[in-house]
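S.K.: At position 78 of the sequence shown (counting the first as 1) the number is 108 in the numbering used here, and the numbers step up by one without a gap.
Some hints could be false.
Quick list of simulated restraints, FRET-style, between CB atoms [claimed, not checked]: (1) Arg294 to Ser148: 55 to 65 Å; (2) Gln470 to Glu429: 21 to 31 Å; (3) Pro572 to Ala526: 49 to 59 Å; (4) Ile410 to Tyr436: 48 to 58 Å; (5) Val372 to Ala526: 51 to 61 Å; (6) Ser508 to Gly483: 43 to 53 Å; (7) Gln470 to Val372: 33 to 43 Å; (8) His311 to Pro169: 31 to 41 Å; (9) Asn250 to Gln422: 54 to 64 Å; (10) Gln197 to Pro169: 13 to 23 Å; (11) Thr234 to Val372: 14 to 24 Å; (12) Gly180 to Gly301: 44 to 54 Å; (13) Tyr436 to Asn250: 46 to 56 Å; (14) Pro169 to Ile208: 50 to 60 Å.
DSBU-like, lysine-lysine: derived pairs with alpha carbons at most 30 Å apart [stated by the list, open to error]: (15) Lys72 to Lys133; (16) Lys133 to Lys200; (17) Lys445 to Lys393; (18) Lys200 to Lys178; (19) Lys133 to Lys178; (20) Lys108 to Lys133; (21) Lys178 to Lys63.
It should be emphasised that the hints constitute simulated quantities derived from the structure, not laboratory data.
All C-beta atoms, glycine included, are put in the ideal place defined by N, C-alpha and C.
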Amino acid sequence: PVSLASSLPSPSLDALVGDSVSLTIPFSLPSSKIPVTIIWRKNTTTLAMGSLSPNFTVMVASSFQTQFSVDPVHGTLKISAVTTSNSGVYTVEIFPLGGVVQKDNITVRVYEEVGNVSVVPLSAEATEGDNAVALNCMPVRGSVSWTKDGEVVGANPRYRQAGGSLQILKPRRTDAGIYCCTISNPFSNGTGTANLTVYYGPDTPTITISSSNEHNAAENFVLVNSTVTLTCLAPSEPPARIYWNVADTQDLFVPSLPVLQLPRVQLNQGGPYSCLAINQHTQRRVRNTRDLTVAQRPFGAPRCFVSSAHNATALLFMCSWPGGSPDPRLSFLGLPGHREEVGGTSLQQLLTSPFPADLSGSKVTCLGRHLTGQHNCSIIPEAPSGVSLSFQAYSNAEESVTVELYCHGIFNPVKIDWFLDKGSPISTGGHYNLSASREQLTILNFTAPQDLGDYSAICSNPLGSQHSTLTIHAPSISEWTLSHGPQPGSAYLVWAIPNGSVVTSFWIQMQGLNQHRSAEEWKTVEVLGATNRSTVILGLQPEISYSFQVVPRLGSQAGNASYVQILQPGTYSTLIILSHTVAHQLLLGILKKKTKPKPSPTLDSLQTAFRSILPISPTWSQYLEGMGMNEIHIFN
31 PVSLASSLPS
41 PSLDALVGDS
51 VSLTIPFSLP
61 SSKIPVTIIW
71 RKNTTTLAMG
81 SLSPNFTVMV
91 ASSFQTQFSV
101 DPVHGTLKIS
111 AVTTSNSGVY
121 TVEIFPLGGV
131 VQKDNITVRV
141 YEEVGNVSVV
151 PLSAEATEGD
161 NAVALNCMPV
171 RGSVSWTKDG
181 EVVGANPRYR
191 QAGGSLQILK
201 PRRTDAGIYC
211 CTISNPFSNG
221 TGTANLTVYY
231 GPDTPTITIS
241 SSNEHNAAEN
251 FVLVNSTVTL
261 TCLAPSEPPA
271 RIYWNVADTQ
281 DLFVPSLPVL
291 QLPRVQLNQG
301 GPYSCLAINQ
311 HTQRRVRNTR
321 DLTVAQRPFG
331 APRCFVSSAH
341 NATALLFMCS
351 WPGGSPDPRL
361 SFLGLPGHRE
371 EVGGTSLQQL
381 LTSPFPADLS
391 GSKVTCLGRH
401 LTGQHNCSII
411 PEAPSGVSLS
421 FQAYSNAEES
431 VTVELYCHGI
441 FNPVKIDWFL
451 DKGSPISTGG
461 HYNLSASREQ
471 LTILNFTAPQ
481 DLGDYSAICS
491 NPLGSQHSTL
501 TIHAPSISEW
511 TLSHGPQPGS
521 AYLVWAIPNG
531 SVVTSFWIQM
541 QGLNQHRSAE
551 EWKTVEVLGA
561 TNRSTVILGL
571 QPEISYSFQV
581 VPRLGSQAGN
591 ASYVQILQPG
601 TYSTLIILSH
611 TVAHQLLLGI
621 LKKKTKPKPS
631 PTLDSLQTAF
641 RSILPISPTW
651 SQYLEGMGMN
661 EIHIFN
């Protein structure tokens, strides 16, 4: 029977070439009194055999006697000046007489100094997709390990390692890099490196577009006059040569570079841009194309309009947004029916009667969408309402009068027809001029009474109609007051004119009481514009009475002068002269309190009444006689 000395792993021994080693029996020997036979083998070759005790008769095979010997006492196998050929598994067997046979193995590994390590080829080349590429590390004097770019080459079905060889199947671009081979043994180590280049590509080019206005470039368009940069990226080893085909075929200065710059790009430079990438090593040629969209913002925002159509039986809604490139897309919101978006600079939509009940006053919006942004405008169709007329008059240096009439109100759209005294419609021509919207009627060389009368305007659209009338009267003064001014020797005048009275200026006229009344004796002391309704006259003598009247004028034509009022001397700053109706009622009320009721006031009673409210210095008889009794009662 044979017994292993131990269940532990067999011992091993590392040795350096040239060293001497001793292989000790790895188990205990029987008593020296028991005859023991020993056999040493390497693999299947017997190296030595014989007896240990009691008489040593172990013999080394003749072919190994120069290097091998056996210790006669302990049975140790000694090997001198080992070489790499001495590496292997050595087996020792012990046969005790009458005992159990013992057996064990000893592994011997003999190493050389690693020395200088190199990888062949030093610079390896492969093309992506080749069958394989191999790196060989030598000399192999120990264990071999590989790293790529400092990382351990791990398990990979495409990587095959055998001895000092590393084979890469179907190489890829990611396999390129610096490969290091390290050979190590218990006595020394060494490293060699090699570079692996994997040629590939070019891949399909990627064209990126950037602009000096980055926001627009992100939206896949660039603005006119911006600086545009097109970049062609085509991964390749070696780097690919780049060639451009541009939208403008007349451009003869296109660089063969990955970056193409278009300063102050114009609309005609929009279109397809092709990038051709060529790998000189692989001879692969790949092209890609991308469209460059050059945009120009439309002018401002869309403009909306609505007009009458089909003999005022329909409404035509219009929207315009010109100036953009490419054309915007327009649509109406708020109109009945299907919303349709149309590409172009203008949009029209016709709405025929019957109209929706809530159309008047409702907002209709035109939505404009463009590459550069979105804007809108709104219109509100309105049936005519609140229609009214107003006018103003003015004259030039030659006193030629122009009158402008205005039609006000809420309406959209509107057709305005003007009439004078219910006659035929007024049209542009002669001394009439209508504005483009017909909301203003201008009358040139306006004269009285020829151009006085009832002016009316009819405002209409498909949603309804309304009219208004304005009567223009000759220039006149409806009422006015005269009083002492804020300082001695001044008079304060305030006046009003009737509604519709046409006036271009006011003449303030004055005369002293000692003068006879005649048109030639009135002195014009001030000429005022049509908008004035009061004035202060300075430079009067406080002790003298003055008569005043206000003359409204229409250019060179004088209107009806106001009734005459007299400013009497006095110590009070204000003298109130009332219209004949109010004064008459006031005097009657005073007389009723101071005297018994009488059929009509007499000169004495009026003098007494005035004295109670106007304590001025001249005698009342002189004052009343100077005015005349008739003028006290009737102020025109």
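S.K.: Is it true that the C-beta distance of Thr234 to Val372 lies inside 14 to 24 Å, as the hint says?
M.R.: violated, 38 Å
S.K.: Going straight from one Cα to the other, do Lys133 and Lys178 come out at no more than 30 Å?
M.R.: violated, 46 Å
S.K.: Holds or violated: the 55 to 65 Å window for the beta-carbon distance between Arg294 and Ser148?
M.R.: 59 Å Cβ-Cβ, so the 55 to 65 Å window holds.
S.K.: Regarding Val372 and Ala526, is the given constraint of 51 to 61 Å on their beta-carbon distance met?
M.R.: holds, 58 Å
S.K.: Is 43 to 53 Å right for how far apart the beta carbons of Ser508 and Gly483 are?
M.R.: violated, 19 Å
S.K.: Is 21 to 31 Å a correct range for the gap between the Cβ atoms of Gln470 and Glu429?
M.R.: holds, 23 Å
S.K.: Do the beta carbons of Tyr436 and Asn250 sit within 46 to 56 Å of each other?
M.R.: holds, 51 Å
S.K.: Need the status of pair Lys108, Lys133: alpha-carbon distance at most 30 Å?
M.R.: Cα-Cα ~18 Å, so holds.
S.K.: Would you check the hint for Lys72 and Lys133, treating anything up to 30 Å between C-alpha atoms as holding?
M.R.: Holds: Lys72 and Lys133 sit about 13 Å apart, inside 30 Å.
S.K.: Just tell me: holds or violated, for the beta carbon distance of Asn250 and Gln422 against 54 to 64 Å?
M.R.: holds, 57 Å
S.K.: Between Lys133 and Lys200, is the straight-line Cα distance small enough, at 30 Å or below?
M.R.: violated, 50 Å
S.K.: At the C-beta level, are His311 and Pro169 separated by a distance inside 31 to 41 Å?
M.R.: Holds: the Cβ-Cβ distance is about 33 Å, inside 31 to 41 Å.
The structure does not agree with the numbered hints 3, 4, 6, 11, 14, 16, 19 and 21 stated previously, though it agrees with the rest.
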